[in-house]
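There are 2 protein chains.
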Amino acid sequence: MSLHPHPQSKSVINRLARIAGHVEAIKRMAEEGRDCSELLVQISAVTSALNSVGKVVLEDHISQCLVDSGSPQQREVLNKLIEAIDKYLGTSSRRWENSH
Amino acid sequence: MSLHPHPQSKSVINRLARIAGHVEAIKRMAEEGRDCSELLVQISAVTSALNSVGKVVLEDHISQCLVDSGSPQQREVLNKLIEAIDKYLGTSSRRWENSH
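Keeping their order, the protein sequence lines are chains E and P.
Following this note's numbering, the residues of the first sequence are numbered contiguously, the last one being 147.
Following this note's numbering, the residues of the second sequence are numbered contiguously, the last one being 147.
Derived from the structure by calculation, the hints contain no laboratory data.
A hint or two may mislead.
To be verified - Stretch-level coverage of chain P by chain E, calculated; a stretch enters the list once three of its residues show a Cβ under 8 Å from a Cβ in chain E:
no.	stretch
1	80-87
2	90-101
Claimed, not checked - Taking lysine-lysine and the DSSO-like style, the derived pairs with C-alpha atoms no more than 27 Å apart in a straight line are:
no.	chain 1	residue 1	chain 2	residue 2
3	P	K102	P	K57
4	P	K102	E	K102
5	E	K127	E	K57
6	P	K102	E	K134
7	E	K134	E	K102
8	P	K134	P	K102
9	P	K57	P	K127
10	P	K102	P	K127
11	P	K134	E	K102
To be verified - Reference excerpt, derived from the structure (chain P facing chain E, CB under 10 Å, subset only):
no.	residue
12	S56
13	G68
14	E71
15	I73
16	K74
17	A77
18	L105
19	H108
20	K127
21	L128
22	E130
23	K134
For every residue, glycine included, the Cβ atom is placed at its ideal position computed from N, Cα and C.
Excised from the complex, chain E in its bound form (with noise of 0.2 Å):
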């Protein structure tokens, strides 16, 4: 676990509250015995505000490699954040090789 400060994370802790209160609202609707299709448009709209938030977070940390890559470790950084992107999209690419 590393600490270090975020350039937007004031946005990302605001947006984050928000996603939590919606998703509670979306509970409560469940309790209330409302509609499905009521439930599924705001479980929708939840998702694309999750994925936004992912976005603010991804860019953050792009550019915190940025800053690092001037740096003689600017490939390994570059694999941290390949890394990240991996994780975060569930998908597999390629580490960046030795042709830099």
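Based on the hints, put chain P in the right spot on chain E.
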């Protein structure tokens, strides 16, 4: 707005409660300045959990439609189902045409 019981209502409510707690935990991670890649892994896990609960709600919706589909309003019921799937998946599909 319509109110009616759903077969898997309890499961949906429990899953949504867990998801809301998970998002709160990610917010705390962001507040602590935890690494972006850690946040991305957790955001990805919540997205998967949301997709799962969406599928459960969709199953409920389909089973409800099947219960109703013996009635003369069969075509209209199926159109509502298709609409709900479109809204959830963000896709557009053809309406259930007059071939039945």
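Comparing the hints with the structure gives:
1. 80-87: holds (count 8)
2. 90-101: Three-residue rule met by the stretch 90-101 of chain P, so holds; n is 8.
3. P/K102 <-> P/K57: This hinted pair holds, its Cα atoms lying about 14 Å apart.
4. P/K102 <-> E/K102: 24 Å, holds
5. E/K127 <-> E/K57: Holds, at about 24 Å.
6. P/K102 <-> E/K134: Answer holds: P/K102 to E/K134 is near 23 Å, not above 27 Å.
7. E/K134 <-> E/K102: 13 Å, holds
8. P/K134 <-> P/K102: 13 Å, holds
9. P/K57 <-> P/K127: Holds: P/K57 and P/K127 sit about 24 Å apart, inside 27 Å.
10. P/K102 <-> P/K127: Given pair P/K102, P/K127 holds - Cα atoms ~16 Å apart, limit 27 Å.
11. P/K134 <-> E/K102: Between P/K134 and E/K102 the Cα gap is close to 23 Å, so the pair holds against 27 Å.
12. S56: 6 Å, holds
13. G68: 8 Å, holds
14. E71: Holds, because the Cβ-Cβ distance from P/E71 to chain E comes to roughly 5 Å (cut-off 10 Å).
15. I73: 6 Å, holds
16. K74: Cβ of P/K74 sits 4 Å from chain E, so the hint holds.
17. A77: The hint holds - P/A77 has a Cβ within 10 Å of chain E, the shortest such distance being about 5 Å.
18. L105: With Cβ-Cβ at 7 Å, under 10 Å, it holds.
19. H108: 4 Å, holds
20. K127: 7 Å, holds
21. L128: Holds, because the Cβ-Cβ distance from P/L128 to chain E comes to roughly 9 Å (cut-off 10 Å).
22. E130: P/E130 check passes; min Cβ-Cβ to chain E is 7 Å, inside 10 Å.
23. K134: 5 Å, holds
In summary, the structure agrees with every hint in the numbered list given earlier.
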